[in-house]
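Mind the numbering: the sequence shown is residues -21 to -1, 1 to 158 in mature numbering (1 follows the signal peptide of the UniProt record, and there is no 0), read in order.
Please keep in mind that the hints were generated in silico from the structure rather than gathered at the bench.
Mixed in with the good hints there might be a few duds.
[As the list claims (entries may be wrong)] Cut-off 27 Å, straight-line C-alpha distance, at most; resulting in silico cross-link-like pairs (DSS-like, lysine-lysine):
no., residue 1, residue 2
1, Lys127, Lys140
2, Lys83, Lys16
3, Lys140, Lys16
4, Lys74, Lys16
[Claimed, not checked] Here are the simulated distance ranges between beta carbons:
no., residue 1, residue 2, range
5, Gln69, Leu35, 36 to 42 Å
6, Gln94, Ala154, 17 to 23 Å
7, Ala73, Gln120, 50 to 56 Å
8, Gly130, Pro11, 45 to 51 Å
9, Glu13, Asp132, 16 to 22 Å
10, Asp64, Arg38, 36 to 42 Å
Quick caveat, the model's predicted, so the values are computed rather than measured.
Don't be surprised by glycine CBs; every beta carbon is placed ideally from N, CA and C.
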Amino acid sequence: MDFNGRLVLIITLSSLFCVNAAPLTVIPSSVPPELTKLCREAENPRLCVRIILRTLHGRLDPYQVLVTEIGITARYTRRALRMMDSLMAQPNNAKISDSLSYCKEQYGYILDSIQTAQGALATKATYDARSSLGAVISYQQTCADTFKESGADLPFVRESKHISQLAGNCLDVMAALPM
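Input sequences plus hints: build the corresponding full structure.
Right under this line is the structure:
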């Protein structure tokens, strides 16, 4: 194969890897326009649309969307806490027990912040809800950093990622709401 043929092959393969490296953030065209508008600027637009479409009944209310996404964030948080409890009960996890203990505390704070955000949204106090959801991301990242610093893999990476993305989506949706 000549130089030009190799170059084309390398560029083609490189572009395929680049396309597959990032999550797809295109919103399907069959989504209602108001939902597309609401989720377009979200951290993870596809997750935003998927969550809302599963739970949408009737008119699209941004506050109800937030309540739903925050509730699902709480569900992922409780799932991660159960995983931590299970891992902490196993005697062969001494290497990560300090990180698990610290993360359990951080995830407890996440649940507290979620509860505060839900209360704030009930009174449409979006500024307070925004502050609480920012804290959710901070606590989640602090836990992930603890594992990274210890050299261990985060055992609940999927839940951690969803918590961060859902909270980020909520913050992005709230940015369009009046304070």
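Now for the hints, and whether the structure bears them out:
1. Annotation: proposed proximity of Lys127 to Lys140 holds, straight-line Cα distance about 14 Å (limit 27 Å).
2. Under the criterion of a C-alpha separation no larger than 27 Å, the hint pairing Lys83 with Lys16 is inconsistent with the structure, at around 36 Å.
3. For the proposed pair Lys140 and Lys16, the alpha carbon gap of about 24 Å is at most 27 Å, so the pair holds.
4. Only pairs whose Cα atoms come within 27 Å are accepted, and Lys74 paired with Lys16 is rejected, the gap being roughly 46 Å.
5. Between Gln69 and Leu35 the beta carbon distance is about 40 Å. The supplied range of 36 to 42 Å therefore holds.
6. A hinted range of 17 to 23 Å holds for the C-beta pair Gln94 and Ala154, which are about 22 Å apart.
7. Distance hint check for Ala73 and Gln120: the Cβ-Cβ separation is about 25 Å, which falls outside the suggested range of 50 to 56 Å.
8. Taking 45 to 51 Å as the suggested C-beta distance range, the pair Gly130 and Pro11 conforms, at roughly 46 Å.
9. A C-beta distance of roughly 40 Å is found between Glu13 and Asp132, which places it outside the suggested range of 16 to 22 Å.
10. Checked against the given bound of 36 to 42 Å, the beta carbons of Asp64 and Arg38, roughly 40 Å apart, stay inside it.
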